[in-house]
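Trainee: Sequence:
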Amino acid sequence: MTEDDTYTVTYQDTGPDEHLVTLGSEALTDIRIDYTDLPEDRRRGTAVKLLCASTLYCFAYTFRSALLARGATVKALTGQATAVKEKDDMFRAKVTRIRITLTVDIDDQDLPILAKCKSIMKQGCLVTHSVREAIDIEYDIRRKPDQT
Numbered sequence: 556m557t558e559d560d561t562y563t564v565t566y567q568d569t570g571p572d573e574h575l576v577t578l579g580s581e582a583l584t585d586i587r588i589d590y591t592d593l594p595e596d597r598r599r600g601t602a603v604k605l606l607c608a609s610t611l612y613c614f615a616y617t618f619r620s621a622l623l624a625r626g627a628t629v630k631a632l633t634g635q636a637t638a639v640k641e642k643d644d645m646f647r648a649k650v651t652r653i654r655i656t657l658t659v660d661i662d663d664q665d666l667p668i669l670a671k672c673k674s675i676m677k678q679g680c681l682v683t684h685s686v687r688e689a690i691d692i693e694y695d696i697r698r699k700p701d702q703t
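Using this note's numbering, the letters of the sequence shown correspond one by one to residues 556 to 703.
Calculated from the structure, these hints are not laboratory results.
From the three backbone atoms N, C-alpha and C, an ideal C-beta is built for every residue, glycine too.
Hints may contain errors.
Said to hold, decoys possible - What follows is a set of in silico ranges between Cβ atoms, one per label pair, in the way DEER data are often shown: (1) THR601 <-> ARG625: 35 to 45 Å; (2) THR561 <-> THR584: 20 to 30 Å; (3) HIS684 <-> LEU623: 14 to 24 Å; (4) ASP663 <-> TYR694: 47 to 57 Å; (5) TYR694 <-> LYS642: 17 to 27 Å; (6) GLU595 <-> ASP663: 43 to 53 Å; (7) PHE646 <-> SER580: 31 to 41 Å; (8) THR577 <-> GLN664: 23 to 33 Å.
As the list claims (entries may be wrong) - Pairs of lysine-lysine, DSS-like flavour, derived with a Cα cap of 30 Å: (9) LYS649 <-> LYS677; (10) LYS673 <-> LYS640; (11) LYS642 <-> LYS604; (12) LYS671 <-> LYS699; (13) LYS649 <-> LYS673; (14) LYS673 <-> LYS699; (15) LYS642 <-> LYS671; (16) LYS604 <-> LYS673; (17) LYS699 <-> LYS630; (18) LYS604 <-> LYS699.
Between the sequences and the hints, there should be enough to build the whole structure, so can you do that?
Mentor: Here's what the structure looks like:
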């Protein structure tokens, strides 16, 4: 393993209701979580949303890269990740499923490339492959409907 294969983020409790996650990335800003004046019932889900964001970004970027590498023109790409949280036998909360939905806008001439890339993406991306044994990952890739 080389230094290029390791990634570190840091966490700091910056106040009674504030947290800072430092990412050390030139492309990604640090994440400040501020629960000040938020009732307890509206503070839930932050970690799950961060997991969804990481999963969605990785999968969408990998898909986009696959399309571009094969010569497709991507006019637009949007996505959504939805996580399901359940309790295990010991009543510990656990993310059990993440459903990723991507919608891509491409021309008719790129439909064969889209079909090929959808097949390739069944293997997932770095993040989905890494969590696959613990979390069921579902994928739905679709073409954006015509706007005519």
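Trainee: Now, for every hint given, state plainly whether the structure supports it.
Mentor: How the hints compare with the structure:
Separation of THR601 from ARG625 is about 37 Å and conforms to the stated range, judged on CB atoms against 35 to 45 Å. Here the CB-CB span from THR561 to THR584 is close to 21 Å, well matched to the stated 20 to 30 Å. One distance hint, 14 to 24 Å for the beta-carbon pair HIS684 and LEU623, holds here, with the actual separation near 20 Å. The beta-carbon spacing between ASP663 and TYR694, approximately 23 Å, falls outside the hinted interval of 47 to 57 Å.
Distance hint check for TYR694 and LYS642: the Cβ-Cβ separation is about 25 Å, which falls inside the suggested range of 17 to 27 Å. Between GLU595 and ASP663 the beta carbons are some 51 Å apart, a value that agrees with the proposed interval 43 to 53 Å. One distance hint, 31 to 41 Å for the beta-carbon pair PHE646 and SER580, holds here, with the actual separation near 36 Å. A hinted range of 23 to 33 Å is violated for the C-beta pair THR577 and GLN664, which are about 45 Å apart.
At most 30 Å may separate the alpha-carbon atoms for a hinted pair to count; LYS649 and LYS677 meet this at roughly 23 Å. As the CA atoms of LYS673 and LYS640 are separated by approximately 27 Å, the hinted pair is consistent with the 30 Å bound. Proximity of LYS642 to LYS604 is assessed by CA-CA distance (about 17 Å); at most 30 Å being required, the pair is judged to hold. Restraint check: the Cα-Cα separation between LYS671 and LYS699 comes to about 17 Å, which is no more than 30 Å; the hinted pair holds.
Of the pairs offered as hints, the one joining LYS649 and LYS673 holds, with about 28 Å between alpha carbons and a cut-off of 30 Å not exceeded. Our distance criterion of 30 Å between C-alpha atoms is met by LYS673 and LYS699, whose separation comes to about 14 Å. Between LYS642 and LYS671, the direct Cα distance comes to roughly 37 Å. Violation of the 30 Å bound is thereby established for this hinted pair. For a cut-off of 30 Å, the pair hint linking LYS604 to LYS673 stands: about 25 Å separates their Cα positions.
The straight-line distance between the Cα atoms of LYS699 and LYS630 is roughly 10 Å, inside the 30 Å bound, and the hint therefore holds. Between LYS604 and LYS699 the alpha-carbon distance is near 25 Å, which keeps this suggested pair within the 30 Å criterion.
Hints 4, 8, 15 from the earlier list are contradicted by this structure; the remaining hints agree with it.
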